[in-house]
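All chains should be modelled from the sequences, with the hints used to inform the complete structure.
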Amino acid sequence: MATNFATDFPTTELAARRQRLSFEHRFFLAVAVLFPLVNIIGFAPSYYFKTLTTAPPLPSLLVHVHGLVMSAWIILISVQATLISAKKIKLHMTLGILGCVLAAAVVVVGTMTGYAMFARGSTFPGYTSAQFFIIPMADIVKFVIIFTAAIYYRRNAANHKRLILVTVLNFMPSSLARFPFAFVPELGAIWFIGLPALLGLIFLAVDTYRNGKMNRAFAAAVALLAAAGPVTSLIARTETWERFAMWTIS
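The sequence shown begins at 1 in our numbering and counts up one residue at a time.
What the hints contain is simulated information worked out from the structure, not anything from laboratory work.
Do not take every clue at face value.
Stated by the list, open to error - Derived CB-CB ranges, DEER-like:
| id | residue 1 | residue 2 | range |
| --- | --- | --- | --- |
| 1 | M246 | L29 | 38 to 46 Å |
| 2 | R210 | V107 | 18 to 26 Å |
| 3 | N156 | R26 | 17 to 25 Å |
Nothing here was measured: the structure is a model prediction, and the numbers come from that model.
Quick reminder that beta carbons are idealized off the backbone N, C-alpha and C, glycines included.
Written out as structure tokens, the structure is:
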């Protein structure tokens, strides 16, 4: 009996590990599909299917470039998740080089677009243009921090994929804020900032429960995502931020 137990125990553990990995692959693949869907819903009227709507023309070529760069990034995230699910690890790692180049483009073009939006006076209900300016800037800062950590942990699959997941959640607010539903302006930041943070906390809780331990890198990234919303909202409404924002376009 003792011999059988010693033989069966590793097999049972291996089966449980395979089951967890299978769930993780399906989960991350589902998120990779959800991300483009959320993006399309948010930007369909003003960008992807603009010719079918009465949306005004894009304000500048920069906005179009930003849309192309972000679309390429979203497609790459989906492709990368699909490659992992299909066990195409080498191709996934090769495309990771392209991912670093695209990430740099996301940062540069995203920063320029956020600044241009502020200069045009773009805003959202409940925000002045200066207050709203902090949201895209904070998104870029968070992305740089979390994506850099993901690259640092590129050979640690558990950390890497969870950090990439948080970068997905980080960019959801811009799409959620543009959902063509009446409740969006009413809920404001509770919707487009609160929902991604809530999803991050739920994903962290489920991940911790299923694995029996908390992934520290994942927890740190989710904490940054969740804390950034209320912190940036408070900063945005200070005179110091208002002066700084106005100084950038003076």
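Hints versus structure:
| no. | hint | verdict |
| --- | --- | --- |
| 1 | M246 / L29: 38 to 46 Å | holds, 45 Å |
| 2 | R210 / V107: 18 to 26 Å | violated, 33 Å |
| 3 | N156 / R26: 17 to 25 Å | holds, 21 Å |
The structure shown violates just one earlier hint, number 2.
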